[in-house]
Amino acid sequence: MNITLGQYYPVDSVIHRLDARAKILATIIYIIAVFCAKGIIGYGLCIGFLALVILLCKVPFRLMLRSLRSIIVIIIFTVALNMLFIRTGTEVFTLGFIHITTGGILTAVRLCIRLIILITGSSILTLVTTPIALTEGIERLLRPFKKIGVPSHEIAMMMSIALRFIPTLIEELDKIKKAQMARGADFDTGGLVKKAKAMIPLLVPLFVSAFRRADELAMAMEARCYRGDINRTKMRELVYGRSDFYALGIVTLLTVCVILLRILL
Amino acid sequence: MNFVESRNLQFEYTKYDDETDSRVSVKALKGVDINIRKGEFTAVLGRNGSGKSTFAKLINGLNIPTEGLLYVRGLDASVEKNIWDIRQNVGMVFQNPDNQIIATIVEEDIAFGPENLGMPPSEIVKNVDMALKAVSMEEFRNAAPAYLSGGQKQRIAIAGILAMKPECIILDEPTAMLDPQGRKEVMNTVTMLNKEEGITIILITHYMEEAALADRIIVMNDGKVAMEGAPREIFSRVEEMKSLHLDVPQITELSYVINKSIKKFPADILNIEEFTDAFKYYGFNKNFSYKKENSIAKFNKPILEVKKLTHIYGKETAFEKVAVKDIDLTVGEGDFIGLIGHTGSGKSTLIQHFNALVKGDEGNVLFKGKDIFEDKAGLKFIRQKIGLVFQYPEYQIFETTIYDEVAYGPKNCGLSAEEIDVRVREALAFVGIAEDMYKKSPFDLSGGQKRRVAIAGILAMKPEILVLDEPMAGLDPYGRDEILSNIKRMHDDLGITVILVSHSMEDIAAIADKILVMNKGSIAMYDTVDNVFKEPDRLTAMGLNAPQLTLLFKRLRDELGLDVPVNVYDIKEAAEILISALK
Chain X
1 MNITLGQYYP
11 VDSVIHRLDA
21 RAKILATIIY
31 IIAVFCAKGI
41 IGYGLCIGFL
51 ALVILLCKVP
61 FRLMLRSLRS
71 IIVIIIFTVA
81 LNMLFIRTGT
91 EVFTLGFIHI
101 TTGGILTAVR
111 LCIRLIILIT
121 GSSILTLVTT
131 PIALTEGIER
141 LLRPFKKIGV
151 PSHEIAMMMS
161 IALRFIPTLI
171 EELDKIKKAQ
181 MARGADFDTG
191 GLVKKAKAMI
201 PLLVPLFVSA
211 FRRADELAMA
221 MEARCYRGDI
231 NRTKMRELVY
241 GRSDFYALGI
251 VTLLTVCVIL
261 LRILL
Chain E
266 MNFVESRNLQ
276 FEYTKYDDET
286 DSRVSVKALK
296 GVDINIRKGE
306 FTAVLGRNGS
316 GKSTFAKLIN
326 GLNIPTEGLL
336 YVRGLDASVE
346 KNIWDIRQNV
356 GMVFQNPDNQ
366 IIATIVEEDI
376 AFGPENLGMP
386 PSEIVKNVDM
396 ALKAVSMEEF
406 RNAAPAYLSG
416 GQKQRIAIAG
426 ILAMKPECII
436 LDEPTAMLDP
446 QGRKEVMNTV
456 TMLNKEEGIT
466 IILITHYMEE
476 AALADRIIVM
486 NDGKVAMEGA
496 PREIFSRVEE
506 MKSLHLDVPQ
516 ITELSYVINK
526 SIKKFPADIL
536 NIEEFTDAFK
546 YYGFNKNFSY
556 KKENSIAKFN
566 KPILEVKKLT
576 HIYGKETAFE
586 KVAVKDIDLT
596 VGEGDFIGLI
606 GHTGSGKSTL
616 IQHFNALVKG
626 DEGNVLFKGK
636 DIFEDKAGLK
646 FIRQKIGLVF
656 QYPEYQIFET
666 TIYDEVAYGP
676 KNCGLSAEEI
686 DVRVREALAF
696 VGIAEDMYKK
706 SPFDLSGGQK
716 RRVAIAGILA
726 MKPEILVLDE
736 PMAGLDPYGR
746 DEILSNIKRM
756 HDDLGITVIL
766 VSHSMEDIAA
776 IADKILVMNK
786 GSIAMYDTVD
796 NVFKEPDRLT
806 AMGLNAPQLT
816 LLFKRLRDEL
826 GLDVPVNVYD
836 IKEAAEILIS
846 ALK
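The listed protein sequences correspond, in order, to chains X and E.
Letter by letter, the first sequence follows residues 1 to 265 in the working numbering.
Letter by letter, the second sequence follows residues 266 to 848 in the working numbering.
Keep in mind the hints are simulated off the structure, nothing from the lab.
Mixed in with the good hints there might be a few duds.
[To be verified] BS3-like, lysine-lysine: derived pairs with alpha carbons at most 25 Å apart:
#1 X/LYS194 with E/LYS676
#2 E/LYS529 with X/LYS178
#3 E/LYS704 with X/LYS197
#4 E/LYS566 with X/LYS175
#5 X/LYS195 with E/LYS624
#6 X/LYS178 with E/LYS633
#7 E/LYS573 with E/LYS489
#8 E/LYS557 with E/LYS573
#9 E/LYS641 with E/LYS580
#10 E/LYS566 with E/LYS650
#11 X/LYS195 with E/LYS573
#12 X/LYS178 with E/LYS430
#13 X/LYS177 with E/LYS650
#14 E/LYS507 with E/LYS529
#15 E/LYS551 with X/LYS197
#16 E/LYS727 with X/LYS177
#17 X/LYS234 with E/LYS573
#18 X/LYS197 with E/LYS580
#19 X/LYS178 with E/LYS645
#20 E/LYS430 with X/LYS234
#21 X/LYS177 with E/LYS641
#22 E/LYS489 with E/LYS292
Construct the complete structure from the given sequences, taking the supplied hints into account.
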């Protein structure tokens with residue numbers, strides 16, 4: 001069985017090759033830029049940068065649109081709310097209690113663009129980075145905060161074990177479901193209560209199995225000398241390359257420009 | 266000093282007891298004295314619960330001795346500060362390959378141990394290369410373990426240990442979940458590591474053929490060492506081994522039986538090559554001839570028919586995989602069919618079609634001449650009539666009492682309370698679960714008992730056809746025999762048509778009438794037991810095998826020109842034939 005987790009799109013591109021940390025940081029900096037953007041030039045810069053990244057990363061554009069589909073309700077909702085309740089500028093349309101103004105339309109369009117840019121921008125991060133690399137990137141970025149008690153290694157280890165075992169458990173659930181169906185179980189018909197009751201024969205074995213697996217995995221890890229973050233090294237340490245600095249430099253420059261534009265104009 | 270030395274080693278753990286609502290302590294080891302030399306290959310045998318795994322975990326520092334002495338590499342294993350040193354040098358491979366792989370990429374998983382030891386990155390890369398090479402898995406460096414076969418996964422687990430450069434590897438039933446091909450892969454790797462790299466091996470196993478490869482065997486029983494010695498010595502004590510609910514390799518048992526009549530013939534032969542040599546050496550009657558007719562296929566009235574069945578997983582995606590293709594199959598009423606095939610040959614997919622758990626992309630399945638999907642409401646009836654026991658059926662257990670667990674199926678069939686009661690009692694009696702157990706939690710049972718309860722759960726639905734997917738997997742020889750004799754009685758006494766999936770050719774030969782061989786999603790052979798096992802080479806090419814006795818008789822015929830049939834699967838019969846040939 002094949003279950004792809006996350007939405008990583010495996011091609012080789014300049015963007016794919018960047019260090020996971022650089023990609024996470026760049027995404028955060030870019031989000032700041034989008035929030036600071038004002039005026040046509042500001043938005044234009046943000047969209048232009050996004051277009052450049054989309055071209056460079058070689059991921060089909062429709063995949064990014066797919067992540068937009070899931071927030072379409074939110075977009076429509078925000079647009080509607082803004083149009084209905086913002087009453088600045090001149091009135092363009094009135095119907096009963098509904099007043100639509102130029103100010104409302106402008107804000108709605110602005111928000112709409114901002115949301116689309118934000119979602120597309122952050123979906124690129126997950127499209128070009130494997131879940132494991134993301135986990136490792138987060139661990140490394142959080143490492144400085146270890147001194148104030150952020151368990152960065154443990155968080156990363158838990159995330160990567162979850163990533164490793166979710167497909168296994170989904171497969172297991174499928175097997176248990178079939179096994180109970182072979183015993184005449186019926187998961188599809190009946191009311192809510194009956195359906196909820198029918199889940200017991202699925203969930204009890206699944207939890208028993210998850211605990212057994214966790215127990216065996218913990219033992220296997222201990223047998224391989226795992227003891228948390230004590231004296232641990234990595235086979236492949238993340239190393240910033242020149243392109244990572246370029247990427248971070250460009251995105252920072254973009255943000256600075258956008259902020260300057262906001263202040264100056 | 267020996268690599269491992271124990272004196273009066275004891276281990277006790279506490280467990281919660283439901284009935285008395287208190288904690289009781291269980292003695293898993295009751296005074297074990299063992300010496301294991303450096304570079305030695307030791308096999309540890311014993312039935313489930315005899316303390317084998319507990320002993321292994323003590324050596325690795327996963328458990329701390331309650332009493333007695335245990336020295337590993339000269340270090341006291343009961344002292345906390347020695348444990349990391351010991352674990353680094355004594356690696357451990359477990360039974361379930363899925364539950365010991367940590368990373369999503371092979372290379373990263375192998376690096377996990379060295380990373381924990383704090384090796385510098387350059388050294389880790391070197392060790393990972395070395396380990397991959399040692400288990401011949403170099404080309405899978407960047408693969409995802411999920412897509413590897415069981416045998417390959419276990420080799421990755423071994424590589425993960427090797428990368429830590431250990432002096433000793435303990436393997437706890439590493440082949441229990443593998444098919445014959447995977448077992449061979451793992452055992453070849455293990456013997457190579459011992460012979461060529463000089464790594465001390467401690468192998469816990471239920472397969473006597475694997476134990477025969479060791480330098481020395483330790484037999485454990487009830488928390489103590491029951492027997493100890495070279496494989497030849499241990500396996501020739503056939504009666505004693507059987508009294509400990511263990512087995513000996515078929516070839517050894519055969520030589521033992523022959524030795525009873527012909528004293529000069531050795532009683533401790535371990536493999537086919539040795540047997541052939543002994544036979545030649547002893548001298549046999551060159552004119553001896555024994556003929557045995559091949560059994561003729563019986564044609565029973567069809568009960569289950571499969572027509573042009575094709576099933577494709579992940580259709581129209583990048584992961585598209587044809588699981589079974591163009592299957593045509595007729596199962597007769599009262600047949601006993603053995604279904605064999607390597608992992609991934611399509612066996613499991615095929616049998617899930619029999620009771621409408623999955624629907625083929627093409628083709629159909631008929632039960633008593635009627636398409637099983639003909640009326641949707643009839644699916645429950647179909648699943649009742651065609652019982653399917655999944656692999657490791659004890660993993661579906663969920664009820665609080667054994668009685669309720671078995672009653673789940675009949676209840677779903679919508680039977681009356683009285684009828685359910687009758688069926689539950691019948692089914693549990695059939696698998697040998699006594700009435701005083703009915704109110705106990707099924708989770709408290711031993712592995713073999715749990716499995717029998719799970720099988721009773723299907724039996725209580727009164728199926729006309731029973732399909733069992735490797736019902737003996739992971740059990741000790743005694744547990745295997747119990748299940749096997751249960752299945753035989755279901756066929757013989759209850760008249761149930763049985764389809765048994767198994768990796769044990771010996772079991773299939775002993776019990777089935779016909780064999781269905783699956784290979785790469787198609788039916789490779791479907792014939793009588795005799796006709797299928799007649800061609801061992803063809804089976805080997807498909808990652809399978811013929812029973813040991815068949816292989817032996819074929820060799821005696823091909824190499825020594827002895828005129829014997831190859832369709833002999835029973836030790837008694839084989840011994841009778843060979844004794845008369847030796848006279």
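Results for each hint:
A threshold of 25 Å between alpha carbons decides the hint, and for X/LYS194 with E/LYS676 the separation of about 14 Å falls inside it, so the pair holds. Between E/LYS529 and X/LYS178 the CA atoms are separated by roughly 56 Å; this puts the pair beyond 25 Å, and the hint is violated. This hinted pair checks out: E/LYS704 and X/LYS197 have alpha carbons roughly 22 Å apart, not beyond 25 Å. Proposed proximity of E/LYS566 and X/LYS175 is contradicted: the alpha carbons are some 32 Å apart, above 25 Å.
At most 25 Å may separate the alpha-carbon atoms for a hinted pair to count; X/LYS195 and E/LYS624 meet this at roughly 23 Å. Between X/LYS178 and E/LYS633 the CA atoms are separated by roughly 23 Å; this keeps the pair inside 25 Å, and the hint holds. Note on E/LYS573 and E/LYS489: the hinted pairing is violated, with a Cα-Cα distance of about 56 Å set against a maximum of 25 Å. Restraint check: the Cα-Cα separation between E/LYS557 and E/LYS573 comes to about 36 Å, which exceeds 25 Å; the hinted pair is violated.
The straight-line distance between the Cα atoms of E/LYS641 and E/LYS580 is roughly 24 Å, inside the 25 Å bound, and the hint therefore holds. Proposed proximity of E/LYS566 and E/LYS650 is supported: the alpha carbons are some 16 Å apart, at most 25 Å. This hinted pair does not check out: X/LYS195 and E/LYS573 have alpha carbons roughly 36 Å apart, beyond 25 Å. With a C-alpha separation of about 43 Å, the suggested pair X/LYS178 and E/LYS430 falls outside the 25 Å cut-off, and the hint is violated.
With a C-alpha separation of about 19 Å, the suggested pairing of X/LYS177 with E/LYS650 holds against the 25 Å cut-off. Taken as a hint, the E/LYS507 and E/LYS529 pair is honoured in the structure, with Cα atoms around 24 Å apart against an allowance of 25 Å. Between E/LYS551 and X/LYS197 the alpha-carbon distance is near 72 Å, which puts this suggested pair outside the 25 Å criterion. The hinted pair formed by E/LYS727 and X/LYS177 meets the criterion: a straight-line CA distance of about 21 Å does not exceed 25 Å.
At roughly 53 Å between alpha-carbon atoms, X/LYS234 and E/LYS573 are farther apart than 25 Å, so this suggested pair is violated. Straight-line distance between C-alpha atoms of X/LYS197 and E/LYS580 comes to about 33 Å, which puts the hinted pair past the 25 Å bound. The hinted pair formed by X/LYS178 and E/LYS645 meets the criterion: a straight-line CA distance of about 13 Å does not exceed 25 Å. Annotation: proposed proximity of E/LYS430 to X/LYS234 holds, straight-line Cα distance about 17 Å (limit 25 Å).
This hinted pair checks out: X/LYS177 and E/LYS641 have alpha carbons roughly 18 Å apart, not beyond 25 Å. Simply put, E/LYS489 and E/LYS292 have alpha-carbon atoms about 11 Å apart, close enough for the 25 Å limit, and the pair holds.
This entry does not satisfy hints 2, 4, 7, 8, 11, 12, 15, 17 and 18, going by the numbered hints stated previously.
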